[in-house]
Structure formats: structure tokens, C-alpha cells
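> Residues per chain are reported as follows:
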Amino acid sequence: MIPKLIWREPIPTTTITSGASAASGAGGTAPAAARPRRRVVTLGDITGRESGGLVVLLVAVGILTLTSNEFLTTGNLSNLARQVAIFGIIAVGELLVILTAGIDLSVGSVLGLSGCVTALLLVRGMPILVALLLGVALGTVLGAINGLLVTRAKLPPFIATLGMLGIARGATLVITDAKTVQGLPTGFQTIANGTVLGIPNLLIIAALVTVVAWFLLTRTVFGRYVYAVGSNPESARLAGVPVRTVTISVYAISGLLAGLGGILLTSRLGAGIPTAGTGFELNAIAACVIGGASLFGAKGSAIGAATGALIMGVLNNGGNLLAINAFYLQIGIGVLILVAVGFDQLNARRAASSG
Amino acid sequence: MSTPPVPVAELHDVSKSFGPVQALTDVSLRLIPGQVHCLAGENGAGKSTLIRVLTGALRRDGGRYEIEGEPVTTPTPAHMRAAGVQAVYQELSLLPHLSVAENLFMGRLPARAGVLARGDLRRRARTALDEVGLQDLSPDAIVERLPAATRQLVEIAKVLTADAVKVIVFDEPTTALTEAESAHLMEHIVRLRDRGVAILYVTHRLEEMFEIGDWVTVLRDGGLSEAGPIGDYDEDRLIAAMVGREVSSLYPEVHRDAGVPMLRVRGLRRFERSPSIDLDVAAGEIVGIGGLLGSGRSGLLLSVFGAAPTAAGRVEVEGRRVRPGGPRTMMSAGIGLLTEDRKVLGLLPELSIRENVTIASLRRDSRRGLLPGREQSQEADRLLDSLRLRAGSYDQPVSTLSGGNQQKVLLARWLLTKPKVLMFDEPTKGIDVGAKGELYAVIGDLAARGLGIIIVSSYLPELLGLADRILVMRDGAIAGELGRSASEEDVLHLASGDGGKAAAGAADAVADDGTEEADRDS
Chain A
1 MIPKLIWREP IPTTTITSGA SAASGAGGTA PAAARPRRRV VTLGDITGRE SGGLVVLLVA
61 VGILTLTSNE FLTTGNLSNL ARQVAIFGII AVGELLVILT AGIDLSVGSV LGLSGCVTAL
121 LLVRGMPILV ALLLGVALGT VLGAINGLLV TRAKLPPFIA TLGMLGIARG ATLVITDAKT
181 VQGLPTGFQT IANGTVLGIP NLLIIAALVT VVAWFLLTRT VFGRYVYAVG SNPESARLAG
241 VPVRTVTISV YAISGLLAGL GGILLTSRLG AGIPTAGTGF ELNAIAACVI GGASLFGAKG
301 SAIGAATGAL IMGVLNNGGN LLAINAFYLQ IGIGVLILVA VGFDQLNARR AASSG
Chain B
1 MSTPPVPVAE LHDVSKSFGP VQALTDVSLR LIPGQVHCLA GENGAGKSTL IRVLTGALRR
61 DGGRYEIEGE PVTTPTPAHM RAAGVQAVYQ ELSLLPHLSV AENLFMGRLP ARAGVLARGD
121 LRRRARTALD EVGLQDLSPD AIVERLPAAT RQLVEIAKVL TADAVKVIVF DEPTTALTEA
181 ESAHLMEHIV RLRDRGVAIL YVTHRLEEMF EIGDWVTVLR DGGLSEAGPI GDYDEDRLIA
241 AMVGREVSSL YPEVHRDAGV PMLRVRGLRR FERSPSIDLD VAAGEIVGIG GLLGSGRSGL
301 LLSVFGAAPT AAGRVEVEGR RVRPGGPRTM MSAGIGLLTE DRKVLGLLPE LSIRENVTIA
361 SLRRDSRRGL LPGREQSQEA DRLLDSLRLR AGSYDQPVST LSGGNQQKVL LARWLLTKPK
421 VLMFDEPTKG IDVGAKGELY AVIGDLAARG LGIIIVSSYL PELLGLADRI LVMRDGAIAG
481 ELGRSASEED VLHLASGDGG KAAAGAADAV ADDGTEEADR DS
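Residue numbers (the working numbering), protein chains in the order written: chain A, 1 to 355; chain B, 1 to 522.
Hints are computed from structural coordinates only; laboratory data are not their basis. Hints are all accurate, no fakes.
Only pairs whose alpha carbons sit at most 25 Å apart, straight line, appear in this in silico DMTMM-like list of lysine to aspartate or glutamate: (1) A:154 <-> B:144; (2) B:418 <-> B:379; (3) B:418 <-> A:234; (4) B:343 <-> A:234.
Covered stretches of chain A, as calculated for chain B (at least 3 residues, CB under 8 Å): (5) 220-228; (6) 237-244.
Keep in mind the model is a prediction, meaning the values are calculated, not measured. Yeah, the Cβ is synthetic: ideal placement off N, Cα and C, and Gly gets one too.
My request is simple: use the sequences and hints to build the entire structure.
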């Protein structure tokens, strides 16, 4: 390698369009004159990278509506919403981490631990609100520890959160003695099982989480920093982005949402189950990827992650309704992930060659 | 020299162009067994292109290439290695995690039925290491843990293990070495020469050429400047042959008056034992920093910017001390840095042009953590317009832009922060000539508007054309300061450190001249 010595090789510049030079000719006072050239409005322009996911979702919903009488019933839909909601909440947290080019494998275990700790506290008679806050706080702290391991101890995110996966699950089994925690107050159980105006609480909470995350990512400085860190952390640092704080924050938020998910799952099931959330991390990652997120960071959106979770939920739900073997469904979702990412790669390559 | 020596490798009128840029024009080179042939020239003169043609890494456009009289028809790296042309690069090609022996025979490890023959490997490695004087080095040592000089010797040993080595190209082999290590390496090169190997030696250090060279070829702007026995040259003649060019009129012809001090750096040390550096930049002043690759220029900028750790020193912006606290603190104090490697240390490739521009100013213009409103993006657009950025839309990803336009995006990013001092590290690297001129004009303009500017450049005409004052670095220290009227020779003398005190004296004289001239101007 002799890059430092090589001849300054020419890099082709884009041709000067007359429009651009006229605009700059006005001494730089011209208004934002960069107009896009020859654009065809596509679905992608409107919805961004989630477009593929939305298409898949609409197709799946359409097919199910036609093939199953039960799909479009209130009972099934609210059932579907309950199934998908917790999942979507976890996926949104996972998305934030993935946007920084990290990964959080511990969300399933943290969910289990937070859920069981909350259940144990409730059984011991702690007020619901306090137990709830403590459960969420626990998830947040565990997430922040992940973030510290990544930023301070410089562990690869995969390893840091893999360690946390084991620790949190083990801790759950220790404190519960691997037994289901039962006898939760009914007040607590209504959190996840109740409805407002016929809409399941869980769906409302999941929608709220998605909207907040969407706002955070698209309208706040923090959100922009998240994308910057995922795009190139060194460049971001040199542009004054507090890379470390941002990184710790996304893991903490992921932990927070995992904790929230744990509480909601405990509430929905009416019991603290030590093995709850096993394997959720991979489903959350799958939802993000199906929803257009790139594991290399800086690409993806909250809506996309939620859509991804919804697609997986709809496929599972539809599979049940149509009595498709659940094992085949697993194969189907696996293929879907490969197709989603494969299409993305194809698009990227096409864009690169035409640009 | 009674009978004309027979060259082992010979280039005749070789040309090579990259698109519109002619990198080599009709260059000839004769490598003779038992001779050290030095290749001299500035950065960008075509030395590396020539080496890459020689080793088969590049295909020549025109001219002839012969090895022992046989024309070379298929110049691929593998073919050239087989023909006996080997190269030792400045940046080593060893695999750091593997052992010395494995590195020596990588690609042709002795094996029986796919199982590594460890004894055989070790024996053969031993012989190869003994040959370069590394009797004490174990073949099992891991390359990563070896000092740079030893690695360099292992690299040479690797080259020698090839069958029938006829030509060895050394591309700046001493850049990473200390004086003593360099001297050691020189001895080995002399020994190789005495064994009848033809050596092509490329270096920026003139004294090394005079030490071991037999013949010198000087390239300039891709063409052959001069060639002859090294005995016919002294340093001044060599430098004149390397430079011999006028500073082109690309550069803004402005006379500025340095105003109040903007940046003061005192006693900056990067590490405990590194030399202490002082640096001043006044408003409206362009300070150039020259020096060889690896002389510590980029490191200095990163340290001032707080992006690299420092052991000691204080930085003042407009007379106020800035406590070290990373790039964020320096940014808020009014310093901006455009890094040399835009891809690795600058751009956010997935983000749009506009997002890349505003990223450093989001916090300042933000209310309650929300993204700043339209005013900021309009200001960004205005900056981009005034820099004549060529893009279809400012919403497209920044990675779709060319090098020159990417540099403009980064410049806009820093201008949006309203800096007091802007530091440029190799601002025109990888940028075509047209965009260069524009960039120079902008830099001149910024200085005229009262910013303090620091420019690090390896490209001497650029440094001389832009800077009011040039600091030359060598081995991490400031070797001297030159005035506006300095010549490329002065910079090269200081940078390569020949002549010691004499050069420093000359530099003082030149600096004096510079101030006198400035006085006359004002």
C-alpha cells in the first residue's frame, strides 16, 4: 500500500449545470436554488426506506382479508395488536442501537429480568406505580451498563450485550428460583389487558413509543446525532458530536424499552415468567431489518421498525388463522429477512452505479 | 566503468495517464546490477507511478519495459515478482498477527498434504533471517510485537526468499525508522548491492541519496528532469532539479495585514517526551505548515483541535485560554479543522449534504433539543451556493459528491459554526485543478475577512502560494520558520534537515528577508 505517495489521481467532478452556476453567480445571495433534477416520485420518496415494508404489510393484510373470514374481526385485530405491541416496543429500542451501528442482544433477557423483578416487588406488596418505575429503571440501568461497556471498556457491542444477555437471564432464574411468580394484583393486570374506547392499552402504548421515537429521531438534535454516530463515529466526534453520551443513551433507551416491555408482558400474562422474552432480541433485530434498518448504522426509522414488527405479527397471526404449520412460518420469516436485505443491497448497488 | 554495464531492467520513454492527468511522460530508467539508483522528486512528481509501473501494479500506456533485454508483455505484480522485481514498501505488507516465519513464506508455505511442515518452515525462515543479519530473531516471533526497523528487515528477508531477485525497489523505507535504524538499513542495502542486486531507492531524505546512491534520476511533473551519477550533484543542484518550476497563478494575489492574535499555542507536547511546540496565528493571516510525511503536521492540528491527546501545553483563542475538552470545546471556542482524510475523519456518508453541513452547528441553534428551524438550513444552502457546490439537490447523500465538492461541504460545515480560526490539513488532496483554484480563492477570502488560517500541505507550490508565513516541521518539532518570499528549496532544506545549523541560519535569513519585504509592501 502506498496511498500517501500516489499521484493525485483525478476525481471526476459533476458537470456544472447552467442552473447551478447562475445561482452561484449572484454572489451567494441567491435563495436555495438546488433543485432536484429529473425526479420521478416513487413510493420510496413518500415513505422513505419503509416503503418495501409497507408494501409487504399491505399485501399480507390484503391476502389475509381475502382468505380468512376471521382476520378482519375486532377480536382478532385486538388480539394481533396485543401480540405485536410488546414486540414493537422492543424493536424500536433495538432500532436506536442499530442506527448507531451497534446491536443489543440483551433486550430479551432484560425484559425477562425487569418483568420478574416487578412481579416479585408487587407480590411483596409494593405499590403498583413504584414497582413499575423500579422495573423500568432497572432496564434503563442495565442498558446504560451496556453503553458503558461499549464506550468505556471498548467492548464490541455484540460481546457487551451478549454478556448482559447471559447475566440478566441468569439473574432472573436466580431471584425467581426458576419458578413463575404468581399472585399479582388485578390492578396491575389491567394495564396490559385493558382498553380505552375499545383500543387495547398495549396498542396505545406501542403507538406512543413509536411516535415518540419517530419525533426523537427526526425532530431533535439528539436524533440527528444518533444517525451521525452510526454513519461515522470519528467524523461525528470531530464535528463536535458527543459520541460517547449518544452511544450510552441509545443503549439506555433500549434497556428502558426492554424494561417497559417486561412489565407489560408480566401484566398481560398475569405472572412473572422467568423465561419470558427468550429469543426476543433476534425477533427485534429481524423487525428492524425488515423495516429497512441497516446493521451498518445510520439507516432506518422508527416507523420502519414498527412496520417490521407488524409484518412479523401479521404473518404469525395469519399463519394461525390459515392453520399453516408454524414451522413453515419460521422458514417464511427467515426468507423474508433475506429478501428484504437482498433488495436493499440491490438498490444500493443500482444507485451507486447510476450515480 | 570501462565496459558499459548491462541493465537488468530498463524503462524506455514510459508514459502513464490517469484520465486527463498525465502522471508520467516519456520517462526512462536503467537499473544496473550492483548499483543503487536513487529516484528523486517532489510529491506528485510521478515517483510512485513509476514504481507501480515497474512492479506491475500499473500498466504503462506507452513506452518499452525490458528485463534482461526481454520485453515485458504482461506486467502483473505476480509476473514481475517471478521475473525478479521485488518491492519493499514504506507501509509494510506483513500480516501483523502471524509469525515471522509464516510471513516470510506466506502464499508458498511448505506443506505436506495440506499439513504445514513446521520444521521445514522454521529452518528455511532461519536461513532467510540470518541472511539479513537477524540472527537473534526467532522465526516464531509475532510480527506485531517487533519494532519497526526489525519489521522492515523481515520485509527485506521476505523479498530475498523469492527465487532470483534481480531488482529491489525501496519506497521510502526509512520514514518510520530512527537514525540508528536507518543507518542499519543502509548497511543492508549496500550489502545487497554488493551481491549484484539492482536497487531502486526512493526517499525524501537527500542525505541518504548521497550516502548510498550511485546514480540519480530526478522526476518533475511526471517527466524526466535530470539523471546522472550522484557524484555530479550536490544538494542545491538536486533540489533545483526537483523543483525548477514557477509558482502558478492559481493562488490569490492579496496582501493582507495580520491583525490581532487569534490563536496562541504554547508548549504543546503530544507525548511526555515529544518536542514542545509554539504556534501563533493572527487574524487575517495564513500560516502554512510544511514538512515531510510523518513529520507530525497532522498530529499537531489534531492536538490543537483537542481530537488527539496531549501531554502538555496551553491553547488560547483571542487571548482566552481554552481548557482541553475535546473537539466540542475547541469548536465552541471558535476553532475548526478540515481533516486530511475526508472519508475517515470528516464526512457522514449516509447523511445528506445539508445534514453534513449543519451537524456541527445544531446545538448552537437548537431550542430545547429540537432541530434548528428553516433559518439554519437556509443559511447552509446560502453557504453552499456561495461555494458553488455542484449537486442536484442538497438532500442527496454526501457520498454521491466528488472530492472537491465534498471538501466544499466540509468547508461549509465549519463556516456555519462561524469560526475564528480554521485549520486545513491537505485541503486539495484528491481535488482536481479547477476546484483547487476555487478553494484557494475561498481560503484567501476567509483570511481577508479576518479569520486566522492554518494550512498543512505537502504540495509546496500550494504552501508557498497561499501562506504568509511557513513553519517547517521535522520529527515532530518546528524546524524553522520561513517568510513569504521563501522558495521550495528553503522548505525542502528545512524539512529534510540537511546541513543542520547552516539550514537554520539560512532560514533565519530568509525569514528576515520576508519581514523586510512585508515592510516594503506596507
